[in-house]
Amino acid sequence: MNWTLALPEIVLSCIGMAILVFGVLRKQDSTLLSTMFTIGGFLIAGLLVLTRTSGFGFHGQFVADPFSAFNQILILSGAALSSILALDWNRTQGIARFEFPVLMLFSTVGMMIMAGASNLMTLYLGMELMSLALYVLAAFARDDLRSSEAGLKYFVLSGLASGLLLYGISLVYGFSGTMDLTALRELLVQPENASPGLVVGIVFVMVGLAFKVSAVPFHMWTPDVYEGSPTPVTAFFATAPKVAAMSLLLRVMGTSFASLVGAWQILVVIVSIASMLLGAFAAIGQTSIKRLMAYSSIGHMGYALIGLAVGTSDGVRGTLVYMVIYVFMTAGTLGCIMAMRRNGRAVEQIADLAGLGSNDPALAMAMAVFMFSLAGIPLMSGFFAKLYIFLASVQQGLWTLAIIGVLTSVVGAFYYIRVIKVMYFDPPAQRFDPRPPSLSFVVAATGLFTGFFFLLPAPVVAAAQAAANVLFR
Amino acid sequence: MTAATNAAGFPILSLITWLPLVGCLVMMMVRGDEATVASNARWTALWTSLLVFVLSLVLWVRYDPSEAGFQFNEQVAWLPEYKVGYSMGVDGISILFVLLSTLLTPICILSAWEVIQTRVREFMMSFLILETMMVGMFAATDFVVFYVFFEGVLVPMYLIIGVWGGPRRVYSAIKFFLFTLTGSVLLLLALIAMWLQAGTTDIAVLLHTTFPAGMQNWLFLGMFASFAVKLPMWPVHTWLPDAHVEAPTAGSVILAGVLLKMGAYGFLRFSVPMLPEASAVFAPFMFTLSVVAVIYTSLVALAQEDMKKLIAYSSIAHMGVVTIGIFTFNVQGISGALFQMLSHGIVSAALFLVVGVIYDRIHTHEIARFGGLGDRMPSYALVFMVFMMATNGLPGTSGFVGEFLVMIGALQVNFWLALLGGMGMILGAAYMVYLYRRIIFGRITRDDLRHILDLSPREWAVFAPLIVLTLWMGIYPSSFSNYFDATVGAMVQQHAAALGGASKLAGILPAAGGITP
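Chains as they are written, first to last, in my numbering: chain C, 257 to 729; chain L, 23 to 539.
Keep in mind that the hints were calculated from the coordinates and are not lab data. Since we're looking at a predicted model, the values are computed, not measured. Treat each hint with caution, since some may be false.
Pairs of lysine to aspartate or glutamate, DMTMM-like flavour, derived with a Cα cap of 25 Å [as the list claims (entries may be wrong)]:
| id | chain 1 | residue 1 | chain 2 | residue 2 |
| --- | --- | --- | --- | --- |
| 1 | C | Lys409 | C | Asp399 |
| 2 | L | Lys197 | L | Asp470 |
| 3 | L | Lys105 | C | Asp570 |
| 4 | C | Lys409 | C | Glu355 |
| 5 | L | Lys331 | L | Asp224 |
| 6 | L | Lys197 | C | Asp682 |
| 7 | L | Lys197 | C | Asp608 |
Derived coverage of chain C by chain L (criterion: at least 3 residues anywhere in the stretch with Cβ under 8 Å from a Cβ of chain L; other residues may be distant) [to be verified]:
| id | stretch |
| --- | --- |
| 8 | 612-625 |
| 9 | 637-647 |
| 10 | 666-676 |
Just so you know, even glycine gets a beta-carbon here, dropped at the ideal spot from N, CA and C.
Chain C extracted, bound-state conformation:
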C-alpha cells in the first residue's frame, strides 16, 4: 500500500484541521492568519504534488500520474487565487470568519481526491467532500437572502446530481462487477461485456459529472448560485470545481469507457453544442455581470467539452490547455468584478462599469484584456485555448462542432465587447472605492498570464500533452 502517493491530500487535510483548532483556541479574530496558513498549505501541497512519484496507491483506489498532477496543480492555483480574493472582500462585507478558508481548503482536498481517483468510489467520496464544503461556502453570507438561496439551491440540485451519479455507479458495478477504472477499461475492451445496463450506468455517471461542470442541460443552478454567492465563492465555483469535474469526465470517459466511445460521443457532442449555444445566447440579455459570467462559464465548458468529444490525445490536451487558460482569465475577471464597490457596497450591474476607462484606466485595461480573452480575440490567451480545441476537432472531422463553436464565439464576442463598450464609450459614473492590494495582485497576475500567454505557450502545452498521454497509453 503506497500511501505516500496521497501525501499532498493528507498533509493538506492535517493543515486544515490544525487551522480549525488554532482558530477555535485563539481569542482574537484570526481570519487573516488562517487564510495565510491555507494559502501556505496550498503551496506545500503543490510542491508535494510536483515531487511525488507516479503509481497506484491504496490498492488501486488512488492514482498519481502526470494527468492527476496537472489537474491538482490547476485546482490548487484556482483555490489559492480565490482565497486571496476572499481576504479583503469578507472583511469589508462583514462575513470574515476563520472557517471560510478552512472550508475552501477541505473542498480543495475533495477536488484533489477527485483528480486522483482511480476508482468510482474514490471519485464519489472526493466529490461529496468537495460539494459539502461548497454548500456552506455558497451560503456563507448567511444574513443575505440571496446567498442562503444560492446555498440551498446548490444543495438540493447537487444532491440530486450526486444521487444520479451514485445510481450510475451502482449500475456500472452491478453489470460489470468492478468499480476500478483500470479494470473497467480492460473489461470493456471486449465489446460483448458492454451490456445495456452498463451503458445506462455510464449515462448516469456522465449526467452527475456534467452537473458539476454546469454543462447544458444540467446548468440551471449556475446563474443563481453565481449571482447569490459571495463573489470570492463565485470565483471559487467558477475555477477549481470545474477543473476537478472536467478532469474526472476526461479520465472516466477517456480511459474506462474509451472503448464505448460510439455510445457516449454523441451525448458529449450534444451537450457541448447545447452549452455553447446557451452560453452565447442566454448571456445577451443579462444585466448583472455575475450572471453574465455564469452563462459565459457555461459556454466555455461547452468549448472544453469539444476536446472530450474528439476523444483523442490531442483533444484531451486541448481541453486541459483550455482549462488552464479558463481558470486564470475567469479568476481575473471575478477579481475585477470584486473591485466594483461604491461606498463599501458591492455593485454588480454591467452599467455600473460605465466610464471605468477614465476613472480607473489600469483596472479597465485588465478587464478589457479578460473580456477580449473570453471572446477569443488573438494575442490574448483565450484565442489559443480555442485554437487547440478547434484544431483537434477539425483533425477528427468534427466539422459541426467546429463551425458551431466559431459562430457561437462571435455571438459571445457581442456581449464581451459590450462590457468593453460600457467601460470605455459610456460617460463616467461615480468612481469605485480604492482597490485593496490583494485584489490588484490577483488581477495583475492573471492579467499578465492572459495577455502574455502567447509569448511562451510551450510549457503549458507540453505539460498538458504529458498529462493527456497518460489517458491514451
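Given chain C, put chain L in place with the hints provided.
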C-alpha cells in the same frame, strides 16, 4: 540573395513591428497632469512612428526586386510541436504595404494632433498598437501569425471608433467588430484545415502545397467570408460607411488606407496562389460581385449627403476594381490590382484627411453645409483637386495606372467585364466632380464659412508627402511596380502551371502567360 537581406544580422521586420509597442510603454510611464501627459504622448507617438518609418525605408533600399520569394526572413520557434513558427519576411506583394502602413501612421498621428483632446495618451497608444498589428500582418510569413495580427487589428480599431468617434459611434464600432469577426472565424477554420493537410503553416510552403480540388472550394469559401468582409465586397460592405462616418479622421484614414487592403492582400496571398483551381471556379462569381459593387456603390455614392459616406462608398467601388484585377489571373490584372491598392491607400486616405480639415473647422460632414470654399481656402481647393483627380484616375496621377492595368487585364478575360468594371471610372468622375463643385465652387452663403482659415503649416506637412507620392506614382510608376513585378510574374506562372490543361480556363490561360508588356 540572403546576403543582401539580413546582412546586418538584425531582425529588421520584427523591429519595425514591435517598436511601436515600446513607444506605448514609454507613454505609460509618463506621470504628471493631463496636459503634460497629452503633449508627451503626442511627441512620443510621432517620434516612434517616424523612427519606424525611417527604419522601414531600409526595406525599400535593401529589397532585391529581381527576387520573387520572401526576403528579410526571420524564424523563431513558437509552437514547435505544431510546426508553427514566428516567421517574418516580405516579398513583392507585401513590402509596399508595410511601407504604406508605416507612412500613414505618422500622418494620422500628425492629423490628430489638435483634434483629439480627450484621452490623448490612450488614442496614441491605440494607434501605435494598430501599427504593430498592421505591419505584423503584412510581414508575417506564417499563417497563424498572420491570423493573430489580422484579428488583432480589430481591438485597437474598435476602441478608436468607439471612444473617439461621432454620435453613433457605439453602433458602428460594434457592427465593425462583429462583421469582421464573423468572417475571421471562418478563415480560422480554413486555416486549421490547411494546417492539418499540409502539416505546417509556413506560407512559403503552403504556396507550393497542392490541396485536393474538392477541399479547395470549401477553403476558398472560408477565406472568402473573411476577406470579402474586410475588403469589403458587396453585399457585406454595410459596416464600412457606418464605420467611416463615425470614426475620427485619423481612424478613417487608416481604415481606408490600410485596413481595406487587408482583405485584398488576403486574396492575393492565400486564395489565388494556394487555391488556384477554386479561384478559377469562383472567378465568375467574384467578377459578378465586383461589378455589382463598382456600379451599385458608385450610384449610391452619387446620392450621398455626407462627405465621408460618399468617399466610403467610392472606396468600395475602387476595391471592386481591385478584386476584378486579382481574379483575372494575368500579370496586368494583378499588377494593376496591387497598384490600385497602393494608390487607393494614399488617395482615399488623403481624401479623408481633406474632409477632416473642414470637419475640424465646422464640425460637420454634411455636403449642403458647405459651398464656395474656393474663395477663402485656395490652397485647400488645390489639394482637394489633386486628390479628386487622382481618385478619378486622371493620367499623371497614381489612380490612372492601377485602373488602366486592371482594364487591360480584364479585357483579356472578357470584354463585358472590362466595360462594366470601367463604368466605375465614369461614375467616379461624376460623383467626385459633383462633390467638388458643391464644396469648393459657388458663393459662400453661410456666415460661419466667411472666416474659415486655409491650411495650416501642420496640415501642409500632412498633405505634402501624399501629394508627392500621388504624382510620383502617376508619373513614374515603375519605381513602385518594379518591386512586385518579379513576384507577380512568378505567381501568375505558378497559377497557370497549377491549372495546367484545365479546359474550362482555356480562354484565359494563354493570355495570362503570353502578353508581357
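Consistency of the hints with the structure:
The suggested pairing of Lys409 of chain C with Asp399 of chain C holds, with an alpha-carbon distance near 16 Å, which does not exceed 25 Å. The straight-line distance between the Cα atoms of Lys197 of chain L and Asp470 of chain L is roughly 34 Å, outside the 25 Å bound, and the hint therefore fails. Distance check on the hinted pair: Lys105 of chain L and Asp570 of chain C sit about 15 Å apart at the alpha-carbon level, within 25 Å; holds. With a C-alpha separation of about 21 Å, the suggested pair Lys409 of chain C and Glu355 of chain C falls inside the 25 Å cut-off, and the hint holds.
Among the hinted pairs, Lys331 of chain L with Asp224 of chain L is inconsistent with the structure: their alpha-carbon atoms are about 39 Å apart, more than 25 Å. Proximity of Lys197 of chain L to Asp682 of chain C is assessed by CA-CA distance (about 17 Å); at most 25 Å being required, the pair is judged to hold. At roughly 23 Å between alpha-carbon atoms, Lys197 of chain L and Asp608 of chain C fall within 25 Å of each other, so this suggested pair holds. Here the stretch 612-625 of chain C counts 3 residues with a CB under 8 Å from a CB of chain L, which clears the bar of 3, and the coverage holds.
Here the stretch 637-647 of chain C counts 4 residues with a CB under 8 Å from a CB of chain L, which clears the bar of 3, and the coverage holds. Taking a C-beta to C-beta cut-off of 8 Å, the stretch 666-676 of chain C contributes 6 residues in contact with chain L, enough for the three needed, and the coverage statement holds.
Checked against the numbered hints given earlier, the structure breaks hints 2 and 5 and satisfies all the rest.
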